[in-house]
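If you read the sequences in order, they're chains A and B. If you count the first sequence from 1, position 108 lands on 108 in my numbering, and the numbers rise without skipping. If you count the second sequence from 1, position 277 lands on 277 in my numbering, and the numbers rise without skipping.
In case anyone wonders, no lab produced these hints; they're calculated from the structure. Beta carbons are placed, not taken as given, at the ideal position from N, Cα and C, and that holds for glycine. Do not rely on the hints blindly, as some may be mistaken.
[Unchecked claim] Calculated pairs, DMTMM-like style, for lysine to aspartate or glutamate (alpha carbon to alpha carbon, straight line, at most 20 Å): (1) A:Lys75 to B:Glu169; (2) B:Lys326 to B:Glu169; (3) B:Lys20 to A:Glu9; (4) A:Lys49 to A:Glu94.
[What the hints assert, rightly or not] Simulated restraints, written as ranges between beta carbons of each label pair: (5) A:Glu67 to B:Ala77: 33 to 43 Å; (6) B:Ala394 to A:Asp88: 25 to 35 Å; (7) A:Lys100 to B:Ser43: 18 to 28 Å; (8) B:Ser43 to A:Glu31: 48 to 58 Å.
[Stated by the list, open to error] Beyond 10 Å from chain B on every Cβ pair, some chain A residues (computed): (9) Ser23; (10) Arg25; (11) Asp52; (12) Glu92; (13) Asp98.
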Amino acid sequence: MSKVSLKIEFGGGLELLFDNQRSYRIDVPSEVPIDNSTDEESLSTKEKKPVDVKYLIHHMRDHMLKERVELFMEKDTVRPGILVLINDTDWELEGEGDYKLKSGDEIVFISTLHGG
Amino acid sequence: MSACDNPNVEKDALMQRRQKFDGKTKICVRCKENTGNVVIRYSVYCKSCFFPLVQTRFRKSLEPSINPVPDGPRKKALKAAGSLVIGLSGGTSSTAMLDLVAKSYFAPKAESDGKLKGGKDHPRNSDKGVWKGKAGVCYVEVCGAFPGERDRTDEIRSVVGSYSNPNFEFIPLRLEDSFDSNWWKEVGGDLSSSAAALGLDMTDEDLRLVNSSPELAPLQALRTYLTSLPTQTAFYSVIQTLIRLLLLHTSASRHASHLLLGTSLTSLSVNLISGIAQGSGYQVPEEAKEEWRPRPDRGMPVRVIRPLRDVGMKECAIWDWWCNLKIVGEPRSLYGGGKNSIGALTRDFIFGLESDYPATVSTVARTCAKLVPKEGSDGICALCERPAQQGVQAWKARISIRSYQEARSSVSGNTRPPHLTEEEIVNLTKASLEAEPTPDSPISLTPLLCYACHTSLTSRSSRGTAALLANGQALNQVPLPLWVRSTADAAISAHVHEKEISVTRTIKMSRDEMEKEISAFLLPEE
Numbered sequence: 001m002s003k004v005s006l007k008i009e010f011g012g013g014l015e016l017l018f019d020n021q022r023s024y025r026i027d028v029p030s031e032v033p034i035d036n037s038t039d040e041e042s043l044s045t046k047e048k049k050p051v052d053v054k055y056l057i058h059h060m061r062d063h064m065l066k067e068r069v070e071l072f073m074e075k076d077t078v079r080p081g082i083l084v085l086i087n088d089t090d091w092e093l094e095g096e097g098d099y100k101l102k103s104g105d106e107i108v109f110i111s112t113l114h115g116g
Numbered sequence: 001m002s003a004c005d006n007p008n009v010e011k012d013a014l015m016q017r018r019q020k021f022d023g024k025t026k027i028c029v030r031c032k033e034n035t036g037n038v039v040i041r042y043s044v045y046c047k048s049c050f051f052p053l054v055q056t057r058f059r060k061s062l063e064p065s066i067n068p069v070p071d072g073p074r075k076k077a078l079k080a081a082g083s084l085v086i087g088l089s090g091g092t093s094s095t096a097m098l099d100l101v102a103k104s105y106f107a108p109k110a111e112s113d114g115k116l117k118g119g120k121d122h123p124r125n126s127d128k129g130v131w132k133g134k135a136g137v138c139y140v141e142v143c144g145a146f147p148g149e150r151d152r153t154d155e156i157r158s159v160v161g162s163y164s165n166p167n168f169e170f171i172p173l174r175l176e177d178s179f180d181s182n183w184w185k186e187v188g189g190d191l192s193s194s195a196a197a198l199g200l201d202m203t204d205e206d207l208r209l210v211n212s213s214p215e216l217a218p219l220q221a222l223r224t225y226l227t228s229l230p231t232q233t234a235f236y237s238v239i240q241t242l243i244r245l246l247l248l249h250t251s252a253s254r255h256a257s258h259l260l261l262g263t264s265l266t267s268l269s270v271n272l273i274s275g276i277a278q279g280s281g282y283q284v285p286e287e288a289k290e291e292w293r294p295r296p297d298r299g300m301p302v303r304v305i306r307p308l309r310d311v312g313m314k315e316c317a318i319w320d321w322w323c324n325l326k327i328v329g330e331p332r333s334l335y336g337g338g339k340n341s342i343g344a345l346t347r348d349f350i351f352g353l354e355s356d357y358p359a360t361v362s363t364v365a366r367t368c369a370k371l372v373p374k375e376g377s378d379g380i381c382a383l384c385e386r387p388a389q390q391g392v393q394a395w396k397a398r399i400s401i402r403s404y405q406e407a408r409s410s411v412s413g414n415t416r417p418p419h420l421t422e423e424e425i426v427n428l429t430k431a432s433l434e435a436e437p438t439p440d441s442p443i444s445l446t447p448l449l450c451y452a453c454h455t456s457l458t459s460r461s462s463r464g465t466a467a468l469l470a471n472g473q474a475l476n477q478v479p480l481p482l483w484v485r486s487t488a489d490a491a492i493s494a495h496v497h498e499k500e501i502s503v504t505r506t507i508k509m510s511r512d513e514m515e516k517e518i519s520a521f522l523l524p525e526e
């Protein structure tokens, strides 16, 4: 199965949910289940789509997140107050969760939940 | 389907989610050349236009208030009446604000290329800043209120140190300083009146002041005070008030004319809505812009400015990221603190609103900016030191029943507690009248408070207030922040103008008593 290599970074204190590590390099499959399930069985049996940011968020929740899922995700996407930059560009300009990931993409998640 | 169909009639008629930008082009709306990097309230900006955009909004909010005559002509240079204090929590927006202040007003001048310069670039003007003296960067460590949290003072110190700017002076404070007489003395507070701190009887709805609170260490006093609060909402709003007052008193002691707070547009909207929900609607104008006068009078008033009030939290976070700024403050919500307090619930609501409909958040702030209180103010609240509304207690006594004793005011049978007969209510009335304070009884804090602070201290939570605090302190001797004393002392020395602040009460009488009162005017029955 071909893979897509990504760099993931955290800002604004979000790294606290991810083992206090600010930067990760990960590989995700280039074809993933339509329903974004990330277990091995679904990856081999279910209908596929090209990997997108929505799948990446599910992958991060299932395989990287260390605590408090509700502080990262809400209704199949990131919780309001978390910004996402794809290659230094606001993900709202790139189609948000539907952006198709390519090898070498840099995805940044920034929390604004601290406020003041 | 139009966006305004009736969802009750048509099942799927929900408001359509608007696209985050006009969708036609990704070209920056400002330079119209580069591909955009960020969407701000439906407009697309590139990275190089983003920085001047935020900086312009920041300066636009701050500069009209710098000169002593606000909004006056500013043809001459900006010149403040005193020094500057910057509040830094280490969070997203205050970190961005510190960076903006450093870059806008304290940036080292570019090296001279050997040519003689005139005008404002003349060498004689080189050391003339906008504010007098050094700017204080003030951080309030709140770990005292959250046992188990780590102290971040050193990390914040290194953030301030990273500016290598000799004009920034780091001022670390702690939340418990509000109960520390050394700090109070340092900021010029009055300690002459009594050695012991002022205490409060929280077991009594009238919030009677007691003078003989036992000597407690500041941290213990802070914890006793916070534990005695009846609700989670009160706990968080009191912490906000303590931080604000610590910053204000510190600013006054440094002869500061301006205190800058990093409240972004998003957090301003959160503060406005949650403030109104907690009863501080009267103080809505103060939330955006405030001029605080230290009491007892010691120096110039401090203008509290929120220069990021037109900049959203998203812009602040992106500014921090693109400028490589370190966020030190810990996102408290990550630890679930105060999940059900009004403040946290409002924050979740506004953040959700901002991500779906970004323009509505600025509408909240703009609408609140138009609000003007209807009633005048009859003084300053002893706890939050903001203007207090006139006649609040009289109004509160008229509209609410706080206990069965007060059931006397519910004259009609409909609102009477169903298990009490009319006669019983009359008896209760008499009992409570007898318990009315005599002139010798300790004075009450209630008339010295604004509606919001009074509500914070007296609202009832489902869990109720603990009868005894964890550390063995009784609820009838809860320590109060030191600044409360300056207000309360004045009231005590005047022996509380009890008459002026007394509240008119309605008393329920029995039918027989009523007949007796008017018997002289009754015509004899024939």
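Run through the hints listed earlier and report the numbers of any the structure violates, in increasing order. Per hint list: 1, 3, 5, 6, 8, 12 violated.
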